[in-house]
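Chains A and B, in that order, give the protein sequences. Take my numbering: the final residue in the first sequence is number 173, and no numbers are missing along the way. Take my numbering: the final residue in the second sequence is number 951, and no numbers are missing along the way.
Just so you know, the hints here were simulated from the structure itself, not pulled from any lab data. Wrong hints could be hidden among the right ones.
Claimed, not checked - Estimated spans, in silico, between C-beta atoms of each pair:
1) B:431 to A:124: 54 to 62 angstroms
2) A:87 to B:336: 54 to 62 angstroms
3) A:131 to B:639: 23 to 31 angstroms
4) B:215 to A:15: 17 to 25 angstroms
5) A:131 to B:401: 53 to 61 angstroms
6) B:607 to A:91: 49 to 57 angstroms
7) A:124 to B:884: 39 to 47 angstroms
8) A:69 to B:884: 21 to 29 angstroms
9) A:87 to B:522: 46 to 54 angstroms
Note that the coordinates shown come from a computational prediction; the quantities given were computed from them, not determined experimentally. For every residue, glycine included, the Cβ atom is placed at its ideal position computed from N, Cα and C.
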Amino acid sequence: MARHNVTVTVNGEAHSREVDSRLLLVHLIRDELALTGTHIGCDTTHCGACTVLVDGVPTKSCTVLAVQADGAEIGTVEGLADANGMSALQEGFMQEHGLQCGFCTPGMLMTGTALLAANANPSEAEIREAISGNLCRCTGYVNIVKAVEYAAAKMAGADAAGAEEDN
Amino acid sequence: MAPRTSAKICGMGHSMKRKEDPRFLQGKGNYIDDFTLPGMLWLDIVRSPIAYGKIVNIDTTKALEIDGVLAVLTGKDLEAYNLHWMPTLMSDTQMVLPTDTVMYQAQEVAGVIATSRYAAADGVAAVEVEYEPMTPVIDPFQALDDDAPVLRTDKEGQEDNRIWHWEAGDKEATDRIFDEADVVVREKMHVPRIHVASIETCGCLADFNPVEGHLTVYMTTQAPHAIRTVLALVAGHVGLSEEKIRVVSPDIGGGFGGKVPVYPGYVIAIAASVVLGKPVKWIEDRMENLQADSFARDYHMDAEVAADSSGKIRALRIKTLADHGYADAQAAPSKFPAGLFSICTGSYDMENAYAEVDAVYTNKPPGGVAYRCSFRVTEAVHCLERIVDTLAHKVGKDPATLREENFIPKEAFPYHSPLGWEYDSGDYQAAMDKAKEMIGYDDLRREQAEKRARGELMGIGVCSFTEVLGAGPSKDFDILGIKMFDSAEVRVHPTGKAIARFGTKSQGQGHETTYAQIIAEELGLPAAHVQVEEGDTDTAPYGLGTYASRSTPTAGAAGAMAARKIRDKAAKIAAHLLEVSEEDLDWEPGTFSVKGAPDKSVSIQDCAFAAYTNLPEGLEPGMEATNYYDPPNLTFPFGTYICVVDIDRGTGEVSVRRFVAVDDCGNIINPMIVQGQIHGGLTQGLGPALYEEMTYDEDGNNLAGSFMDYLVPTAVETPAWETGHTVTPSPHHPLGAKGVGSRPRWGRRRRSRMRWWTRSRTWG
Numbered sequence: 007m008a009r010h011n012v013t014v015t016v017n018g019e020a021h022s023r024e025v026d027s028r029l030l031l032v033h034l035i036r037d038e039l040a041l042t043g044t045h046i047g048c049d050t051t052h053c054g055a056c057t058v059l060v061d062g063v064p065t066k067s068c069t070v071l072a073v074q075a076d077g078a079e080i081g082t083v084e085g086l087a088d089a090n091g092m093s094a095l096q097e098g099f100m101q102e103h104g105l106q107c108g109f110c111t112p113g114m115l116m117t118g119t120a121l122l123a124a125n126a127n128p129s130e131a132e133i134r135e136a137i138s139g140n141l142c143r144c145t146g147y148v149n150i151v152k153a154v155e156y157a158a159a160k161m162a163g164a165d166a167a168g169a170e171e172d173n
Numbered sequence: 188m189a190p191r192t193s194a195k196i197c198g199m200g201h202s203m204k205r206k207e208d209p210r211f212l213q214g215k216g217n218y219i220d221d222f223t224l225p226g227m228l229w230l231d232i233v234r235s236p237i238a239y240g241k242i243v244n245i246d247t248t249k250a251l252e253i254d255g256v257l258a259v260l261t262g263k264d265l266e267a268y269n270l271h272w273m274p275t276l277m278s279d280t281q282m283v284l285p286t287d288t289v290m291y292q293a294q295e296v297a298g299v300i301a302t303s304r305y306a307a308a309d310g311v312a313a314v315e316v317e318y319e320p321m322t323p324v325i326d327p328f329q330a331l332d333d334d335a336p337v338l339r340t341d342k343e344g345q346e347d348n349r350i351w352h353w354e355a356g357d358k359e360a361t362d363r364i365f366d367e368a369d370v371v372v373r374e375k376m377h378v379p380r381i382h383v384a385s386i387e388t389c390g391c392l393a394d395f396n397p398v399e400g401h402l403t404v405y406m407t408t409q410a411p412h413a414i415r416t417v418l419a420l421v422a423g424h425v426g427l428s429e430e431k432i433r434v435v436s437p438d439i440g441g442g443f444g445g446k447v448p449v450y451p452g453y454v455i456a457i458a459a460s461v462v463l464g465k466p467v468k469w470i471e472d473r474m475e476n477l478q479a480d481s482f483a484r485d486y487h488m489d490a491e492v493a494a495d496s497s498g499k500i501r502a503l504r505i506k507t508l509a510d511h512g513y514a515d516a517q518a519a520p521s522k523f524p525a526g527l528f529s530i531c532t533g534s535y536d537m538e539n540a541y542a543e544v545d546a547v548y549t550n551k552p553p554g555g556v557a558y559r560c561s562f563r564v565t566e567a568v569h570c571l572e573r574i575v576d577t578l579a580h581k582v583g584k585d586p587a588t589l590r591e592e593n594f595i596p597k598e599a600f601p602y603h604s605p606l607g608w609e610y611d612s613g614d615y616q617a618a619m620d621k622a623k624e625m626i627g628y629d630d631l632r633r634e635q636a637e638k639r640a641r642g643e644l645m646g647i648g649v650c651s652f653t654e655v656l657g658a659g660p661s662k663d664f665d666i667l668g669i670k671m672f673d674s675a676e677v678r679v680h681p682t683g684k685a686i687a688r689f690g691t692k693s694q695g696q697g698h699e700t701t702y703a704q705i706i707a708e709e710l711g712l713p714a715a716h717v718q719v720e721e722g723d724t725d726t727a728p729y730g731l732g733t734y735a736s737r738s739t740p741t742a743g744a745a746g747a748m749a750a751r752k753i754r755d756k757a758a759k760i761a762a763h764l765l766e767v768s769e770e771d772l773d774w775e776p777g778t779f780s781v782k783g784a785p786d787k788s789v790s791i792q793d794c795a796f797a798a799y800t801n802l803p804e805g806l807e808p809g810m811e812a813t814n815y816y817d818p819p820n821l822t823f824p825f826g827t828y829i830c831v832v833d834i835d836r837g838t839g840e841v842s843v844r845r846f847v848a849v850d851d852c853g854n855i856i857n858p859m860i861v862q863g864q865i866h867g868g869l870t871q872g873l874g875p876a877l878y879e880e881m882t883y884d885e886d887g888n889n890l891a892g893s894f895m896d897y898l899v900p901t902a903v904e905t906p907a908w909e910t911g912h913t914v915t916p917s918p919h920h921p922l923g924a925k926g927v928g929s930r931p932r933w934g935r936r937r938r939s940r941m942r943w944w945t946r947s948r949t950w951g
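Bound-form chain B, shown alone (with noise of 0.2 angstroms):
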């Protein structure tokens, strides 16, 4: 699609360089640990070494004794605020500090506050904690036995180790197409605990000023404003209300989701300042990033898919346990306790559908974060695909042609899936062919058959993926009951130059570029000219942030139509400067001239300049508007992806030969931003195919708490990714754009098929 605009303007379609780049590469970037505050403290964290088990004794004596350390905050010491528990977005609770028990290896235990980094970490390590272990449940199976111990003790009414059970679907209707079906096939199947391990680890700088009663802080934080009010709810008994409290979300070092919970670590730091009076500032180390932050992923799936002879897909049952850990601290829309895992039917035509998924506790750190990932899409991805593949298999059918057979039809939009969404819009085999050709599909079968037949091992994987992205419409969408919209307020200035914020948080994603080009494609201001803001909840209108893949679909929405306001007004300025009716007015981006008289025109910044200076009777003077958008639907990105790999047969080792990845997100705002959050996607996705998995032991010991043993791809195992595009506008978002940067799809066949062996005894 040739852009609308000119590379002046630079609006949507074009590829523009970043407006961020050049502090970020010249070390200007202001991330967390970059911020300083006079008199500001250190709060440095006790952890525990053991699972479960209970707190005997905190004795603090010798860390109080050491220089520059002045307090050591308890769970006893919180009590007295009510502070020591608070609630997860998933409306569960979460000890801040424990009062008398530790839930996973790794919780927070006590916070040291001290005048350095050093003396704090020396005051960690003199805080001697006497602990009386008890046998932890690690095995999210196991918590399901009838001898299980019950973990969740404190609350009440919990009576086994379930969370709940979430299930779509008609299960009925499904079960009878499976007995009557020609071919079932099943696999069980892990999707591994996972790590986001954003290069930068989490921290905050609380600054309480007790003068003023008012709370600032500094957080890595996606959702800047959504912690505000959370804040303010949970700690209005101790006079925090939400007037007092700015939440400021600096420059992000990566986010992928992991940066949307509360964790314990800013309670404290918010609870030191309070107490102290004085700023403090708390930054993970990289083992307790990985440790005790939230987790990705970890569903036990086992997966059945009912079909013809001739491989023609008629439904799909799935039935999962989810490992929660220790409480439900997903980041997930409250009314989804599963995310959005009922897209698990994909981009296939099928009579029915039926899944469910069961929740547990385990002693294992909290969390279930959408990771590069719109609440459990990529877990659905990896199951359907997987099962599909397998049926190709059964059937002795090409997984690409299989596929294709049981596409949605391009006609069939908008298509409503068997477990209840509307899909807007698609045209899957159009991905298909272009990641076909790409790759050159059938000539790598013919190669691969040659080998094989010469007993060398070469696969090739086939994935043709739907999401469903942009959360969400009101009427289902919220978190803690805050609807999930998205906002932006744009203010042109008298020379034309324009300031823009928004409600959502950038962590790489180039907002500073891509919104300024949305706003330059609405107004026809150049986008250099377009300085876009977030993250400051005193300035910024009211969000929900930036997760998902929400971004785009929501507040690049709100963008648009906030600029389509001023370009209404804009229009009665001109029409009152060129003398004429609105109506016999022409828009080119930037420029109203009039019909049929072209050189009679004036400019935007015309317009802008005459909306301080000279104004038709009756209209409000100034240039700016703010939408609040509300989706009336979700988006449904698709696309497909083909990867070839060599197999050492000695060695088992893979290599990557070659993968093409052929994406469809709608129309494009910024074409090199879009590739580049794919690169990053894939990566993210090889990760845990063939490196990344976050193990315990039978103890709950944490076996890959540092990157020493969590293995995140370096630029040598990595491919040279190849991508490609179709567009499928959405027909419902003011840009026909659909959301990109959710990308991780990768298979782990082998290692998955191996867990599972050892697993099935224990699942029915």
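Isolated chain A, as found in the complex (with noise of 0.2 angstroms):
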């Protein structure tokens, strides 16, 4: 099998790896980068559990060929949190409970975080639309939607809603 030199950045950081033709870049990223946030669900490019940012764009790591990465910019949700703690997401998926086992939530903070790099003040219906190429079994959506409009409200210097009692 044919091997090819492959270069990524990823969340800022320089690799470069010789990887067989068919290696998939989520395999690139886990097991050759040991960066095992990013998760592997489906295979079929449903689910979504394997979002990551190429070059910007929310792309669904488990069909995309190492080989075609080379040379991107890649983000992963090991790279949200920065020296001052965690993104405006991640701190609202925290604070509204976005999240219950956890699995499919790296990709819906790559895919969220994307939507709101395009869209700082995005609708209730925007955010359904822009994530439901992710699945989620556990939490029924409610939360997550009101973990992005945290965040964007954060963003916004606005003065973040907390969590809204069970009523």
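The task is to assemble the complex, starting from two chains supplied on their own in separate frames and drawing on the hints.
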């Protein structure tokens, strides 16, 4: 099998590897670079657990070859928090209880991050549409929508509403 | 209910943010596929393309020529160790790998062991298996035909495809009521075969150390301790005794009942590790997960209600056919083959009832897991609520009114149901009132009447369920003989911080948070200072695991009881420190003070330090306690859900306008988490109501074996759930809690009816 040199920049750090033609991007990220925050859930591009940002675009890394990502800037869940702590979206997920088992969460976070980069004030319908390629079996999506809204409000400098109590 | 503890202590009733969240949010969870060991090998599995047939030959030559493929394990190889069969949790048997016959599509046929994920997959593709197909039995009704082939020829004395017959209630007395009743309604319905489809599939990493004879298995299991015991029982003869087996259940990406059974892949990985002396990892792909792992539901029910002319229910009669596939591989308490289906009289008072279930074998994957459900409670609720709707229609009453007129009144608790349960507490009218108020029920009915007059379609669904959770009291409940208690061990360190370990295993329910809150409630230590651990059989006390909403009723209670033991000891220490007798102490969460002199006090942390440094004479050092909690009864949470849908007459498209869910799960540990559990249950009810079904063609080909065909609801289809609650504490649970997490309450009326019309010719 042919081998290829692939260079990717993941969360700001450059990595070069010689890989098989058929190596999936998600396996490059998880197995070669040991960034296991990106998950695998379906192999058919439906569940979105493997979503990463490729040059800023949410991409399901289980159906992209590593060689296709050569030269790309890749963002994974491990790169969302910085020295100041978790991102507004990560904080939103925690405050609004937007996760339970946590398995879909990295993909949701990457999709949500891209949404907020493109649309600073998305409506509920826009949020639901944006995350419709990311399946969650635990939360029923209600609190994921709220988490994105929380982040949008915080990023806009608004006074983010606290978790809405159970009525 | 206002919390009893301060926000700093964060005991019960606080919506504490989850302690597990930071690691999940930063990609630092430890799920099964995240584990790697030096020298680790990979297992991938050859699966049957046909539903039923003989294996003529398995040729592994080409597979073994592939670079990186080390071995191919077949049933014949396992037979040499007598590991080719295994017991199910329901005392049936199931092949690990076949020696001569395949019984369902996607059944495991051989295991390929290789040095990488990709080489193992190459090996699977290169294994050549020659089959001689046979005509499968797919329809469970046809499985009962006299001329149906007997599928389980491996079982001595098995002369047909029946597995068992179960019944509850007084048949004759129930029949008498039906004979004389003013009104009888009947409906046949099918709760379809579905799949939990947790976003993480199943997998394991088996690590056998040939020098020590010690096996560590990291695996996606909801019941690690029971698995360890089963492994010792099944593989004891090859030297795996229980003290040399460690099962570790790491972070689990959703379980929902699907990670209770032992699947052949786990056993093959363990066998491979033992044979090769190296760590072996097996991770299912989604197709394998959907096509081979345990299904849920698949109950064909024929339900009847007898009532008087006003709609007062007098009796219920249900005849059920349960399709268990190739083996009875349910995960249910041993003495309950039909689970807790006898909760089917639900929230309604009636004179008598009779329910029966017949289970049959077919050429489909084995299973019958308690998916978001306390063992067939979902099937029971679905059946009853639909037939009650039919009754309301028949007698011309509003479905909510008819339910209210039949509710067990709150004064009647503890209530003894006709099928033998003692309901602990309930106030069904309160939940109904709240749900009606939240959704504006009367206005909706008026709007519906107006729309129907104009020819528009608008539906309103009402459901008032009663569940039975918390399996369970050991006099009745066991799995393979192991009593269904659960456990907690709490240790308070000298500086007043604690670690608490439990016999259960969270799969997203947030035990690291809620259990810490229980300890905080009882000891007054801040929940932030209580570290919770589960899932490692070397360190956690023995318990039966997390499924069927049993964790709070059992292990949660154990945590409270263990904490109370520590508090009792702390009181002795406090009396010593304050130089008074124990009787002279008052307790506020976190503080002992002298009666009448509240400024003379010591904190629980002071007591913890003294437990290691300054003990009264004769008191054992240390501050820890263990409790194995055997609940005196089950708990009976309830609620009323109301749904409004608009239907496009032209396209048939259903859109959910509003869905209000009012739950009563007794006293609440963490309102935020309870609400989240209900959101999830509702969405997993929406799935089978409108989108999900595991279907097969007549040859036994799975028609919904990937997420392309098995339609899990996305954020677009899922409505913005509205939740509310009432609180009716359980009188017997130490915390008054009942449990939550099993709430897929949705009907699928129209489709089921159509299916039943095609069935009616074969079902008497």
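Hints versus structure:
{"no.": "1", "hint": "B:431 to A:124: 54 to 62 angstroms", "result": "holds, 55 angstroms"}
{"no.": "2", "hint": "A:87 to B:336: 54 to 62 angstroms", "result": "holds, 60 angstroms"}
{"no.": "3", "hint": "A:131 to B:639: 23 to 31 angstroms", "result": "holds, 28 angstroms"}
{"no.": "4", "hint": "B:215 to A:15: 17 to 25 angstroms", "result": "holds, 21 angstroms"}
{"no.": "5", "hint": "A:131 to B:401: 53 to 61 angstroms", "result": "holds, 55 angstroms"}
{"no.": "6", "hint": "B:607 to A:91: 49 to 57 angstroms", "result": "holds, 55 angstroms"}
{"no.": "7", "hint": "A:124 to B:884: 39 to 47 angstroms", "result": "holds, 43 angstroms"}
{"no.": "8", "hint": "A:69 to B:884: 21 to 29 angstroms", "result": "holds, 27 angstroms"}
{"no.": "9", "hint": "A:87 to B:522: 46 to 54 angstroms", "result": "holds, 50 angstroms"}
Against the hints set out earlier in the document, no violation occurs for any number.
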